[in-house]
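From first to last, the protein sequence lines stand for chains A and B. Take the first sequence: its letter number 20 is residue 20 in the UniProt record's numbering, and every next letter is one higher. Take the second sequence: its letter number 41 is residue 41 in the UniProt record's numbering, and every next letter is one higher.
Any given hint could be a false lead.
As the list makes no split between identical chains, a pair holds if one copy fits it or if it spans any two.
[Unchecked claim] In the BS3-like style, the derived pairs of lysine-lysine whose C-alpha atoms are separated by at most 25 Å in a straight line are: (1) K83 <-> K224; (2) K362 <-> K132; (3) K288 <-> K50; (4) K247 <-> K6; (5) K348 <-> K248.
Hints listed in this document are in silico derivations from the structure and should not be mistaken for laboratory results. From a predicted model like this one, the values you see are computed outputs, not experimental measurements.
2 protein chains.
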Amino acid sequence: MAASDKPTVLIPGPVEFDDAVLGAMSHPSESHVGGAFVNIFGETLSLLRKLFISEDPSAQPLVVSGSGTLGWDFVAANLIEPKEDVLVLHTGYFADSFASCIATYGGVPTQLKNPAGVGSRPTYEQIEQALKEKKYKAITITHTDTSTGVLNDIKAISEVVRRVSPETLIVVDGVCSVGCEEIRFDDWGLDCVVTASQKAIGVPAGLSICYLSGRAVRTFEERKTAPGSYFASFANWLPIMRNYEAKKPSYFATPSPQLVRALHTSLLQILSIPLEERFAAHKTASQKVKNAIAELGLKQLAQDPSQAANGMTAVYFPEGVTAQDVLPKLLGRGVVFAGGLHKEIATKYFRFGHMGVSVMNKDLGHIDKGINALKEALSESGYNGPK
Amino acid sequence: MAASDKPTVLIPGPVEFDDAVLGAMSHPSESHVGGAFVNIFGETLSLLRKLFISEDPSAQPLVVSGSGTLGWDFVAANLIEPKEDVLVLHTGYFADSFASCIATYGGVPTQLKNPAGVGSRPTYEQIEQALKEKKYKAITITHTDTSTGVLNDIKAISEVVRRVSPETLIVVDGVCSVGCEEIRFDDWGLDCVVTASQKAIGVPAGLSICYLSGRAVRTFEERKTAPGSYFASFANWLPIMRNYEAKKPSYFATPSPQLVRALHTSLLQILSIPLEERFAAHKTASQKVKNAIAELGLKQLAQDPSQAANGMTAVYFPEGVTAQDVLPKLLGRGVVFAGGLHKEIATKYFRFGHMGVSVMNKDLGHIDKGINALKEALSESGYNGPK
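Build the full structure now, drawing on both the sequences and the hints.
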């Protein structure tokens, strides 16, 4: 299929990819320990430091073949020891899964539920109270909850944690936020951000990316028990990542040269302009989508507009209109949106992703295309906006 | 770099890739739960049944983003319960690592060492005696040991296991064998084969592939303890794989559409001729390499020619010649070989991979190119064959 004929993918990941990034995916075969690839991998790790706005040399990036989900195993098997308590901020689907992952490795997750239900997030007061009640080894925060489009303010939460329970590690699930939401890893005192390649980083799925503070590395190194995973063990990966960044060949498991080259290509593009511009562009595009949603009389899942993500929008269908009805009509107009994911209401809403080249390359016209297709599809389904 | 200028990669993985496979790697973005991709993923799983020469409907293929190493976690976290004994046949580097993975999840590995050291493999008598001494939940066999080029006869070992300890699960590490060595999964009574995309399957690195017997699936389903991993848990993946093969969208973690399409492309190519022809072609190419090695007066690591792999050859450098000397000379001639991996003798040998398109597409001339470059490089280093 020619790229121009294909539908535009506006889901909260995988996103649309730049041609140069897709081109890197077909890079001819090379040795994973050969000089050319080792240099590229090493540079890629150094570029990740810039993406996370981090200059602390004791911080450590990791790039491993896997899905974003593997990032939870990195956290649960390496930073948490059996029987240690973890406070999991609940904003939807992903908190349940992260909690389940933590429990798999023997940690004890306590979910702090969002008080106003779907579309809300735990309050700072709740977080402060929970941290005062029990000593938590770590707190986990889903930065953008891809199931609801709710954004957590990780800077503000970090301030609460540092004030009330400074020894608690601050862990961020940034799968749907890294590359489109502001993250100042060092400045905000974060300890671990896990993410994946296929969202705002703009690279096909297949890479799990993790960024650790020096404190997180030390926490791992001072574990009393062995890591609970083999493939996800930092004991296996940290020496490899340090060697690659020092441009020395090293082997634990075979990396994917094609995916790593695609990541390298995308990071060079991302970092070719100030990150502030990138964050601002995602806010502008997001606001455009959210304004159009409001004009159509539709309601976001995010209850408070100031708590909505900038890389995606989750929207309730109007009454009488269903996913089975609208999503094919959108596809007929060359646009792919995602259905619902939050199990309580999965059939009642849809998700519009606005990340990466679809936002940064305005010539593509993806955002307008998505908004127009939505208006037309709803109209064809008999819905023409607020009465 | 134009593909024609690039050096030919003749290492035991990643191998050289067919142009159509590399083309699939740049497939434009698509939804991982969209109809087109779900069909491709479903077909890919069905094609894997053919690759494993398996018709048992209770058998189960899995394809997950990750390195081949992740396959060990699949085995250790799902098929073995804590405190259960596992017999690990030792032929080199990979047995040590697999044993370490098993121990991570609480299994108790017993390595059965190769009696004649590097380049040998455990004997059937040793295996039979070990199985009679203790009840093992599983036996693990590295089909082709990529660190030594030694091939295990998994059919013969399976016969011993079925006779002496029929309840023991037969687990094969086929990372360097699936796609080039004969494997008749059903006929030989295997229970689990783990492999990866980047070797004889001919797809860039990034996919962990696992094939389970109905008995292995039941063993998992009847576990008394929860699986030890989250990302590698069959509880999370089996429903997803069954849904994809039934062409139903399903989500646990985002798969890589590009890598799965590349796998689909390669499997269609592989299965376009009888597998017997593919196995025979690898034997012929391997014999050509091994004959050339013998004519040069060089010695393989594999002590017995009948126990040498058909997808790679591990060869000692002649006396006075080093890796630092020869590998750059090979690269100068446009050929990439791999250095040693077995820790006892890593600097003393090299590895020549002969798998995939380099074997099947004779027009490429890769095998002759490799042999000629080796002769010339050794000659330039002052070695001109047996005196």
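Indices of hints not satisfied (ascending): When the structure is compared with the hints, numbers 2, 3 turn out to be violated.
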